Amino acid sequence: MDKNEFQTIMCNVLSAESAAIESLIHNIDWLQAKACIDLLLNCTGKVILSGCGTSGEAAKKIAHTLSCVEIPAFFLSPSDALHGGLGVVEKHDIIILISKGGKTSELDIMMDRLIMMNAQTIVVSEDPRTFLAGKATQFMQIRTEKEPDPFHMLATASTLSVIAFFDALTIVLQQETGFTKEKFLTIHPGGEVGYQLKSEIEK
2 MDKNEFQTIM CNVLSAESAA IESLIHNIDW LQAKACIDLL LNCTGKVILS GCGTSGEAAK
62 KIAHTLSCVE IPAFFLSPSD ALHGGLGVVE KHDIIILISK GGKTSELDIM MDRLIMMNAQ
122 TIVVSEDPRT FLAGKATQFM QIRTEKEPDP FHMLATASTL SVIAFFDALT IVLQQETGFT
182 KEKFLTIHPG GEVGYQLKSE IEK
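Heads up: take any position in the sequence shown, counting from 1, add 1, and you land on the numbering used here.
Bear in mind the hints are in silico, worked out from the structure with no lab data behind them. The model shown is predicted, which means the values in this text are computed figures rather than measured ones. All residues carry an ideal CB built from backbone N, CA and C; glycine is no exception. It is possible that part of the hints are untrue.
[To be verified] Pairwise CB distance ranges (calculated):
| no. | residue 1 | residue 2 | range |
| --- | --- | --- | --- |
| 1 | Lys4 | Ser80 | 37 to 47 Å |
| 2 | Met118 | Phe152 | 33 to 43 Å |
| 3 | Ser24 | Gly102 | 13 to 23 Å |
| 4 | Phe152 | Val173 | 14 to 24 Å |
| 5 | Asn28 | Met118 | 15 to 25 Å |
| 6 | Ser24 | Met154 | 10 to 20 Å |
| 7 | Lys4 | Lys35 | 41 to 51 Å |
| 8 | Leu15 | Gly46 | 30 to 40 Å |
[As the list claims (entries may be wrong)] Below 20 Å or equal to it, Euclidean Cα-Cα: the simulated PhoX-like pairs (lysine-lysine) are:
| no. | residue 1 | residue 2 |
| --- | --- | --- |
| 9 | Lys199 | Lys47 |
| 10 | Lys182 | Lys147 |
| 11 | Lys182 | Lys199 |
| 12 | Lys104 | Lys136 |
| 13 | Lys147 | Lys136 |
| 14 | Lys204 | Lys184 |
| 15 | Lys47 | Lys92 |
| 16 | Lys92 | Lys104 |
| 17 | Lys104 | Lys35 |
| 18 | Lys35 | Lys147 |
| 19 | Lys61 | Lys47 |
| 20 | Lys136 | Lys92 |
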């Protein structure tokens, strides 16, 4: 493969991923988004995220981003959840389950148990017709037209779309909760971010 060939492939992928994120502006159900925001703003417990495979990796990133604005969040692996890990779920928690197709068997079992526990859930998926979507406290549809790989199956553009949606949602929560630079420095003293915050606050 010469330079022009791999460059063309990479540019096509980057364009497709950029277009997938851009399309969210027009494809998001804003009533669903507002309901998710309201649930999280009113949450007095923890936010627990779960998902399998690439969706699980997206869930880990989202949990960290929420924690960075003082919304206590963490990732719970579905396999651990089904072997006693669900014991971390408490009355006022919100559980966010991420599944691209919405047909993840481990999450279906989790949902059964979460219903028994009267837990509040947000399900993020492309398909509103699944068991998960139907049983959620709130369903959030994030849909990607197609993945940019030759099989249109590798979770790339769809994963970035979910992450981008939650980036935007987190910044709404950041502003609504009055999160300040001083609070940010308290929980994020390390790295370049911590250095910049310290420099700005001490001016």
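Quick rundown of the hints versus the structure:
1. Lys4 <-> Ser80: 37 to 47 Å: Check passed, 43 Å falls within 37 to 47 Å.
2. Met118 <-> Phe152: 33 to 43 Å: 38 Å Cβ-Cβ, so the 33 to 43 Å window holds.
3. Ser24 <-> Gly102: 13 to 23 Å: For Gly102 against Ser24, whose Cβ atoms are near 18 Å apart, the range 13 to 23 Å holds.
4. Phe152 <-> Val173: 14 to 24 Å: Since Phe152 and Val173 have Cβ atoms about 35 Å apart, the given range 14 to 24 Å is violated.
5. Asn28 <-> Met118: 15 to 25 Å: 32 Å, violated
6. Ser24 <-> Met154: 10 to 20 Å: Once the Cβ atoms are compared, 19 Å apart, the range 10 to 20 Å for Met154 and Ser24 holds.
7. Lys4 <-> Lys35: 41 to 51 Å: At roughly 47 Å between Cβ atoms, Lys35 and Lys4 fall inside 41 to 51 Å, so the hint holds.
8. Leu15 <-> Gly46: 30 to 40 Å: Given range 30 to 40 Å: holds, Cβ gap about 39 Å.
9. Lys199 <-> Lys47: 28 Å, violated
10. Lys182 <-> Lys147: Not OK: Lys182 and Lys147 at ~39 Å, beyond 20 Å, violated.
11. Lys182 <-> Lys199: Distance ~9 Å between Lys182 and Lys199 Cα, so the pair holds.
12. Lys104 <-> Lys136: Holds. Lys104 to Lys136 sits at ~13 Å (cutoff 20 Å).
13. Lys147 <-> Lys136: 26 Å, violated
14. Lys204 <-> Lys184: 17 Å, holds
15. Lys47 <-> Lys92: 10 Å, holds
16. Lys92 <-> Lys104: It is violated: about 26 Å lies between the C-alpha atoms, which goes past 20 Å.
17. Lys104 <-> Lys35: 25 Å, violated
18. Lys35 <-> Lys147: It is violated: about 26 Å lies between the C-alpha atoms, which goes past 20 Å.
19. Lys61 <-> Lys47: With Cα atoms ~14 Å apart, Lys61 and Lys47 stay inside 20 Å; holds.
20. Lys136 <-> Lys92: With Cα atoms ~18 Å apart, Lys136 and Lys92 stay inside 20 Å; holds.
In this structure, the earlier hints numbered 4, 5, 9, 10, 13, 16, 17 and 18 are contradicted, and the remaining ones agree with it.
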